[in-house]
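Asker: Given these sequences and hints, build the entire structure.
Protein chains: 2
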Amino acid sequence: IRRGAFPHLTKVIVKSHPADIAHIFRYLDLKDQRTLFNLIENPETAAYVLSELDHGTGAQLLEQIDKQTITEVLQEMPYDDAVDIIRNMPEELAEEILGIMQDEDSDEIEQLLLYDEDTAGGIMSTEIFSLNQDLTVQEAIEAVQQAGDVEMVFYLYVTDDDNHLVGVLSLRQLLTVSPARLLKDIMVREVISVRTDVDQEEVAQLVARYNILGIPVVDDANRLVGLVTVDDVIDVMRQEATEDIYKMAGASEEELLYGYKAFKIARLRLPWLVTNLFGGVITGYLMWRFKATLAEVLALITFIPVITGMGGNVGGQSATIVVRGFATGRIDMSTLRQVFFRELRVGMIMGAVCGLTIGVVAFGWHHNPYLGLVVGMAMATAMTVAATMGVMATSFFKRIGIDPAIASSPFVQTANDITGLLIYFGTATLFLPHLR
Amino acid sequence: IRRGAFPHLTKVIVKSHPADIAHIFRYLDLKDQRTLFNLIENPETAAYVLSELDHGTGAQLLEQIDKQTITEVLQEMPYDDAVDIIRNMPEELAEEILGIMQDEDSDEIEQLLLYDEDTAGGIMSTEIFSLNQDLTVQEAIEAVQQAGDVEMVFYLYVTDDDNHLVGVLSLRQLLTVSPARLLKDIMVREVISVRTDVDQEEVAQLVARYNILGIPVVDDANRLVGLVTVDDVIDVMRQEATEDIYKMAGASEEELLYGYKAFKIARLRLPWLVTNLFGGVITGYLMWRFKATLAEVLALITFIPVITGMGGNVGGQSATIVVRGFATGRIDMSTLRQVFFRELRVGMIMGAVCGLTIGVVAFGWHHNPYLGLVVGMAMATAMTVAATMGVMATSFFKRIGIDPAIASSPFVQTANDITGLLIYFGTATLFLPHLR
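Heads up: the protein sequence lines correspond to chains F and P, in order.
Note that my numbering has the first sequence beginning at -12, numbered continuously upward.
Note that my numbering has the second sequence beginning at -12, numbered continuously upward.
Hints were generated in silico from the structure; no laboratory data involved.
Take the hints with a grain of salt, since some may be wrong.
A pair holds if it fits inside one copy or across any two, identical chains being indistinguishable in the list.
Derived BS3-like pairs (lysine-lysine); straight-line CA-CA distance at most 30 Å [unchecked claim]:
#1 K2 to K171
#2 K(-2) to K171
#3 K18 to K2
#4 K278 to K(-2)
Answerer: Structure representation (structure tokens):
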């Protein structure tokens, strides 16, 4: 489609829902995205498309066009999205853009730039609709009518004269009470709110737990400063899930920005792989130390991959369950003990089953019951140890403040390989006279 | 806390937000959940707690109490949640409950039971507020005032005389136009809706893409039958993400229902592990075939774990990226070709880096340049092959309709081990004279 038919495309773009245009962008590489983005003439549509894209991509798309247009497009966007894009720009460009913007806008944006990207302050929108508690219902309705296009009015937040958050109302509630009543007499006083520095993951968990459509954000003094709406929460949840999944495999969500650029992607994945590589070398060194045993009983070698592999699988399962448990709030430090003992028991049961199976296979294959015993025992122990290692490594990294999703896998894998082989070679050396 | 202090606990329960009670439930095992659940006296609170829990757990909690109370609690719940719990009950009990319920309720529920659990029909709520297009704005406002506690009124869906969905309005819109106008003249006619049989994952993607708070569900004839709200979508997204993460590690989300029951959990994880086990045995058999080569050059053995391990890592990365890409809609069959070649290039680059590293390590360690060459070449090829295998296996399983998240890992791992070793032993045999 994208071969020269530009005038036609321009027409299609004008007619399409901006969300659909944004959706198409996800399938294109940066070059095609640039071409298509330049065809969008309406700054409002461009702004919408940019809010829906990764903000890194957004910054890259904007860098190529002139600064006046950038500013225009950014001014059409909600402040929170504009801030995220500016964050991803080279510093010089960002400062120039802030200079061109009108004072009011740039003040607002510079304020937002102070919050950490992954906190309530970083994802909130500041165009929030609030009402003073001393208004009557009639006045409130008039205020709603004049409000214009504020971000999704469904909860009406009520503040006092100093902008402290004191209550909440639904629009429907306004319609069902007498117009002369004061807001402070009908509002609900228990408002669920978060401070600007609360982690975005926690914000998402609150919204999910209480089934609310938005959560007001307040500063240290409980003054209303913003609103996180449920669509922001959906983005956060999706992003965090993708991030966790990528991290567990040793990849990074960042690579989504690079489209099909193999070198940049390889560079993101390599550190994790090289860590694993050195773990593998240590394992190899360990085997070399036992070369005498191995040379005597070559059959032992053939079970090495299955023992280390199964240990890796079981350790991976435990680690995955703990990492996901931390992310969804299902596991915390207080339940960790129980989880540890559960995984220990599960590992023992699975180890017994797999150990017995592989023991019988080894016996049947090489007609040596001692070989079956050694392989089976090593498998059972290795799997049990791996299961507990998965829990211990993840919780250890969580405790010292390193993201367990990324750190645990190379560590668990190497530790498992080493303990698995030690157990294997240990029992093998013990039974060596019977294995010859 | 939970040792006998029941009267106190009962008081705490009465005072707490039902969402918080539900949250506590997630940290308890089934026995404690039962105890706590029986302390909840108010059927409304009980109903709320149940809607928030896994529906399997909900069914288990209800099974122990008398049928009259079950019925009462279920009648307090939104139909869609009640249906999900009934689905998880033993068939006999479910039928008895439906018998006790009032005709109206049980008709509604039996209707919903016809939809597949994972479709729009299965997650929608049927208590939907809609207005006839021939009403005036004034009449519509009155209808909203009298509506009572319908599930979240923020969009007002407009229907014709035959209940066909024809438009949508926001509550705020009603307040800003003249009271005498007809709804059909002010409503927005392009309504984003889904049919009852649309997969829940697709529903979630639509809601996320268009940033809407709910999506109306229609039958084959475009008649309005229900509404999927954004809080349902959040649950779906979280559930699907957890499911995918668990599956990739060979575990199952079902095990969350079993709390700390090790045997049941082990049974869920074992099939996947045993598949891997047999893959490992095949790898072992392959090594046995090359035992002559191995016996001659023992140093070769020490690099086996690192070569198979790194292949597994790279294959896992590609597979993870494709599985997640399918889930979020970022990758589909049309972009698969590009993804394949990207992963191929990434695999080649990473293979070159890791191959060079391990080659130098092998050379330095055993002072044999040919050993370095063999190990390095095998590593580079194995990693490249693994990267493409990760894409091919996942898309193959997707194409034949098997969930790639669960099927690809054992397959990718075994295939990688085998190709990795074949390449390794192949090059080793070729250079054997130089390795001795």
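Asker: Each hint needs a verdict: does it hold in this structure or not?
Answerer: Hints versus structure:
In the homo-oligomer, the alpha carbons of K2 and K171 lie at most 30 Å apart only across protomers (23 Å), although the nearest pairing inside one protomer, at 46 Å, exceeds that limit. Taking the shortest Cα distances, K(-2) and K171 sit within 30 Å of each other only across copies (29 Å), while inside one copy they are farther apart (51 Å). Taking the shortest Cα distances, K18 and K2 sit within 30 Å of each other inside one copy (23 Å), while across copies they are farther apart (58 Å). For the identical chains of this complex, K278 and K(-2) are neighbours neither inside a copy (72 Å) nor across copies (68 Å), given an alpha-carbon limit of 30 Å.
Violated hint: 4 only; the structure is consistent with all others.
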